[in-house]
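If you're matching them up, the sequences are chains S and G in order. Here this note's numbering is used: the first residue of the first sequence is 270, the next is one more, and so on. Here this note's numbering is used: the first residue of the second sequence is 5, the next is one more, and so on.
One should not assume that every hint holds.
Stated by the list, open to error - Simulated coverage check for chain S against chain G, where a stretch passes if three residues somewhere in it have a Cβ under 8 Å from a Cβ of chain G: (1) 385 to 392; (2) 532 to 540; (3) 650 to 661; (4) 664 to 675.
Stated by the list, open to error - Facing chain S, a subset of chain G residues (Cβ under 10 Å, in silico): (5) 71; (6) 161; (7) 493; (8) 497.
By construction, these hints were calculated from the structure, which means they are not laboratory data. Even for Gly, the Cβ is constructed at its ideal location relative to N, Cα and C.
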Amino acid sequence: MVLTSATLLLAFVSLILRSVDHQVVTVGGSIAIDGPALFLQGALLLMSFIAILVMAERFGGVGGDAFTPMGASTPGSSQEVEAARAGYATSEVFPLTLLAVFGMMMFVAASDLITMFVALEVLSLPLYVMTGIARRRRLLSQEASLKYFLLGAFSSAFFLFGAALIYGFAGSVDLGVIAKVIAQGATPQDGLLVPGAVLLLIGLLFKVGAAPFHMWTPDAYQGAPTPVTGFMAACTKVAAFGAILRLTYVGLEGSRWDWRLGVAAIAILTMVVGAVLSVTQTDIKRLLAYSSIAHAGFILVGVLAFSREAVSGVMFYLVAYGFTTIAAFAIVAMVRQGASEAAQISQWAGLGRRHPVVAAVFGFLLLAFAGIPLTSGFAAKFAAFAPAIATGGTAGVIMVIVGVLASAVTAYVYVRLIVLMYFSAPADTGEDDEVVALMPSVSTTIAVTVGVLVTLVLGVWPTKVLEIAQSASQFLL
Amino acid sequence: MPLLTLMMAVPVLGAVVVAFLRGQAAKVAALATSLVVLVLGLIAWARFDAGASTQFQLAEVHSWIPQFGVSYALGVDGIALSLIVMSVILTPICLLAAWKDVPEDEGRRVSTYFALMLVLEAFMVGVFAATDVFLFYVFFEAMLIPVYFLIGMFGGARRQAAALKFLLFSLAGGLVMLVAVIGLYVYGPGGDKAFLMETLTGNVGGSTTAQRLMFLGFFIAFAVKAPMWPVHTWLPDAAAAARPATSVLLVGVLDKVGTFGMIRFCLQLFPEASTWATPVVIALAVISVIYGAILAIGSTDMMRLVAYTSISHFGFIVLGIFALTTVGGAGSTLYMVNHGFSTAGLFLLIGFLAARTGSQQMSTYGGWQRVTPILAGSFLVVGLSSLALPGLSSFVSEFLVIQGTFQTHRVAAVIATLGLVLAALYILLMYQKTMTGPKPEFAEGAAPRDLSVREKVVVVPIIASFVLLGFYPKPVLDVLNPAVERTLQIVGVTDPPPAVNATESAK
Chain S
270 MVLTSATLLL
280 AFVSLILRSV
290 DHQVVTVGGS
300 IAIDGPALFL
310 QGALLLMSFI
320 AILVMAERFG
330 GVGGDAFTPM
340 GASTPGSSQE
350 VEAARAGYAT
360 SEVFPLTLLA
370 VFGMMMFVAA
380 SDLITMFVAL
390 EVLSLPLYVM
400 TGIARRRRLL
410 SQEASLKYFL
420 LGAFSSAFFL
430 FGAALIYGFA
440 GSVDLGVIAK
450 VIAQGATPQD
460 GLLVPGAVLL
470 LIGLLFKVGA
480 APFHMWTPDA
490 YQGAPTPVTG
500 FMAACTKVAA
510 FGAILRLTYV
520 GLEGSRWDWR
530 LGVAAIAILT
540 MVVGAVLSVT
550 QTDIKRLLAY
560 SSIAHAGFIL
570 VGVLAFSREA
580 VSGVMFYLVA
590 YGFTTIAAFA
600 IVAMVRQGAS
610 EAAQISQWAG
620 LGRRHPVVAA
630 VFGFLLLAFA
640 GIPLTSGFAA
650 KFAAFAPAIA
660 TGGTAGVIMV
670 IVGVLASAVT
680 AYVYVRLIVL
690 MYFSAPADTG
700 EDDEVVALMP
710 SVSTTIAVTV
720 GVLVTLVLGV
730 WPTKVLEIAQ
740 SASQFLL
Chain G
5 MPLLTLMMAV
15 PVLGAVVVAF
25 LRGQAAKVAA
35 LATSLVVLVL
45 GLIAWARFDA
55 GASTQFQLAE
65 VHSWIPQFGV
75 SYALGVDGIA
85 LSLIVMSVIL
95 TPICLLAAWK
105 DVPEDEGRRV
115 STYFALMLVL
125 EAFMVGVFAA
135 TDVFLFYVFF
145 EAMLIPVYFL
155 IGMFGGARRQ
165 AAALKFLLFS
175 LAGGLVMLVA
185 VIGLYVYGPG
195 GDKAFLMETL
205 TGNVGGSTTA
215 QRLMFLGFFI
225 AFAVKAPMWP
235 VHTWLPDAAA
245 AARPATSVLL
255 VGVLDKVGTF
265 GMIRFCLQLF
275 PEASTWATPV
285 VIALAVISVI
295 YGAILAIGST
305 DMMRLVAYTS
315 ISHFGFIVLG
325 IFALTTVGGA
335 GSTLYMVNHG
345 FSTAGLFLLI
355 GFLAARTGSQ
365 QMSTYGGWQR
375 VTPILAGSFL
385 VVGLSSLALP
395 GLSSFVSEFL
405 VIQGTFQTHR
415 VAAVIATLGL
425 VLAALYILLM
435 YQKTMTGPKP
445 EFAEGAAPRD
455 LSVREKVVVV
465 PIIASFVLLG
475 FYPKPVLDVL
485 NPAVERTLQI
495 VGVTDPPPAV
505 NATESAK
């Protein structure tokens with residue numbers, strides 16, 4: 270764990286020191302190290318750093334608390350006990366994470382479709398495995414892993430098919446060349462462009478969990494070990510939106526009038542589905558999953574504005590949302606009843622009385638999700654919505670209106686949770702079966718503190734980060 | 005000296021200190037903090053120059069988020085200053101009235117309660133003092149949180165539902181406003197200081213439709229806040245479930261943000277759209293006046309009754325604002341101040357009554373003037389002020405509103421006058437049912453006590469304000485009038501000459 274986090278920090282430092290001045294398109298034109306790529310890579314490194322800190326939580330046990338020492342063994346079987354005793358530490362999650370982070374960093378920088386596809390697979394495969402190795406509720410976890418894998422494979426296939434069609438259209442998979450061919454207009458294979466673009470977008474929209482490609486999200490979020498869920502929710506979103514930005518702004522920009530309204534409809538559907546279905550959830554992780562779907566919709570609203578402000582707004586949103594999410598899931602991992610996580614929302618009743626600090630921190634993060642001013646969520650919403658009104662046309666305005674209405678709905682959900690934590694009496698359980706928040710180790714404490722601080726600072730004083738995002742919002746190609 | 009910032013920093017720091025204290029010490033510290041803020045408020049009042057040529061005085065402008073064009077900009081005109089001073093006077097009164105709301109043995113809850121009130125005070129100053137639209141929005145939304153917890157944690161039986169309803173209504177309204185705020189950035193001049201009132205006034209571009217839509221965005225948020233019919237339903241629930249002191253701050257101060265916002269933002273930023281919307285707004289205001297009054301007459305819960313009277317009174321205020329005459333405007337702004345005090349009086353006295361029996365229902369009472377004569381007397385005076393008895397403050401403002409409205413909208417003014425008659429009904433009926441009648445029987449030693457010294461200290465300044473503003477409203481009007489005139493100048497309307505013939509007045 271030390272090694273992993275050190276790696277990530279070192280990578281971040283070298284990113285800051287070296288790469289900022291070395292913006293090039295490299296590796297035979299397949300990797301573009303430009304402003305958005307660097308910004309998102311930096312964000313990914315920092316987020317995965319605190320995500321690693323959360324994964325390392327042991328709660329006084331021997332190995333990582335959230336992970337099983339042996340994924341294939343039956344929970345509680347002698348086999349598992351043996352595995353634990355033999356010291357099969359639960360450390361495979363760390364290299365898997367690093368592998369995924371590598372894929373994500375490549376994903377946001379990939380400037381041709383093949384590299385993008387490879388990066389997509391590199392980031393997805395470790396995630397499928399990580400989803401399946403929860404220590405508790407193993408079946409749920411493995412089921413989630415399988416679903417995620419199957420649907421993920423479908424979406425990869427869509428993406429690949431789209432890439433093939435685009436290759437047929439442009440004669441190249443390089444985003445720059447594709448853009449040129451689109452700009453030239455009439456080619457014999459014009460008919461391939463729109464289906465290709467649509468299939469590519471479907472592949473990527475699947476990754477961000479946009480409706481109607483969101484079906485995997487609640488299951489995967491619920492089944493995965495909670496720290497992994499946090500990592501997935503934050504970092505996958507950053508990576509996938511990074512790729513969407515690059516694909517739509519660099520590659521397909523010229524043809525955007527053909528598919529823009531379709532994606533706008535998807536954005537609206539995503540916001541509505543995410544907001545409305547989050548109301549009916551009774552499982553806290555599923556609730557946060559639907560909330561992440563709604564957030565994906567809000568970010569799409571920003572993406573569709575097609576301006577430099579939109580790029581920086583989207584990137585700012587991703588950073589703000591990512592840190593808040595990781596911290597929120599870290600807290601979900603802390604709240605326990607008996608030996609397992611208090612997944613049912615009703616179990617959270619009265620937490621504010623027993624653990625005022627934990628509840629207050631979680632409440633604050635929820636307010637950030639809801640987009641209350643003075644939290645990062647509000648600044649982020651503003652950053653994403655303002656360009657949509659400015660340059661998004663009528664569709665942009667409509668999307669923003671749907672967006673704020675959806676925000677109001679999700680706010681109800683978050684507030685209901687706060688009500689439960691603060692205003693309701695805890696369920697009457699026995700003395701030893703109380704819902705408690707476990708005492709976190711130093712690493713989790715650091716992670717949550719960082720998450721909360723970022724949420725607060727980006728809300729009260731977002732100037733610096735916005736500045737960086739703005740200066741990094743120019744694509745090279 | 006950044007006086008306005010100081011008026012926000014002091015209560016916030018005070019709240020932090022109070023949060024760490026327990027029991028009696030927390031209360032005393034909270035009261036002391038609010039008194040310091042009161043002194044600062046009076047200094048601000050003394051420094052304010054009513055005849056100054058700039059719109060905002062005591063101004064502070066610092067760049068905050070230049071990328072969004074947001075500045076940390078504070079400043080007051082006469083209207084904002086009057087409302088701020090009203091808030092900082094009401095806060096210590098409310099703290100004193102809330103002295104025994106939470107039993108001291110509940111330790112942390114006591115300090116939480118008082119700390120939240122102080123945080124709310126800071127936001128109240130901020131929301132009236134903000135001269136940057138974005139900053140205003142931040143305060144506007146952020147102040148929901150302390151109120152939400154004040155209602156939800158400390159209120160009465162149906163507190164959770166009421167708190168949630170309050171929050172959702174306000175949040176939904178606020179988010180609609182957010183779209184309009186973003187619109188201002190897009191259609192305004194933009195740049196580093198895009199959201200400053202100075203930058204925006206007279207410079208909001210965009211098509212007529214865009215302006216009207218933005219106007220609606222702001223207006224809907226303020227109509228929810230004020231509250232006007234038909235988006236008023238959260239208020240009676242919230243006021244009935246909250247502690248009396250919370251209700252005072254909620255209805256007396258927070259709701260003023262709605263009417264204040266109409267003057268500051270709707271009229272000043274969207275003059276054309278304001279005149280366009282006037283007929284509908286006037287109609288809604290008149291409905292609010294009558295509807296609120298009728299529901300007040302039908303109420304049995306006294307807190308709900310006062311909440312409904314407020315809806316009626318807010319109807320008057322909005323009427324005066326959108327009459328677009330200097331007299332109406334002056335009446336409305338003065339009404340905002342007066343209404344703060346008279347509602348405070350009603351809520352707090354009902355709170356004192358409820359503290360004696362635990363019931364807000366009128367049927368619990370009857371004949372109390374024989375048992376608690378001072379309480380009954382104060383109740384009558386406060387009630388009379390609320391029904392606008394000449395000589396007490398509300399009369400002046402209500403008269404000005406109706407006079408101002410009559411100049412431009414005769415029918416509306418005449419119908420609204422009915423509200424005055426209904427006001428006499430609901431107040432006097434309430435007094436009759438609770439205070440007059442045969443002396444009630446109490447078990448030996450269980451007879452309620454009359455007002456205690458603490459409660460008298462609470463009531464005296466409120467009644468003093470009625471008499472003062474009722475007989476001599478000039479100092480306040482002098483401060484308010486220039487601000488009202490400036491706003492109407494921006495809207496571009498002039499008062500019709502006093503002797504108009506029927507066809508001209510129809511314009």
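Evaluation of the provided hints:
no., hint, result
1, 385 to 392, "violated (count 0)"
2, 532 to 540, "violated (count 0)"
3, 650 to 661, "holds (count 7)"
4, 664 to 675, "holds (count 5)"
5, 71, "holds (4 Å)"
6, 161, "violated (12 Å)"
7, 493, "violated (30 Å)"
8, 497, "violated (30 Å)"
The structure is inconsistent with the numbered hints 1, 2, 6, 7 and 8, although it conforms to all the rest.
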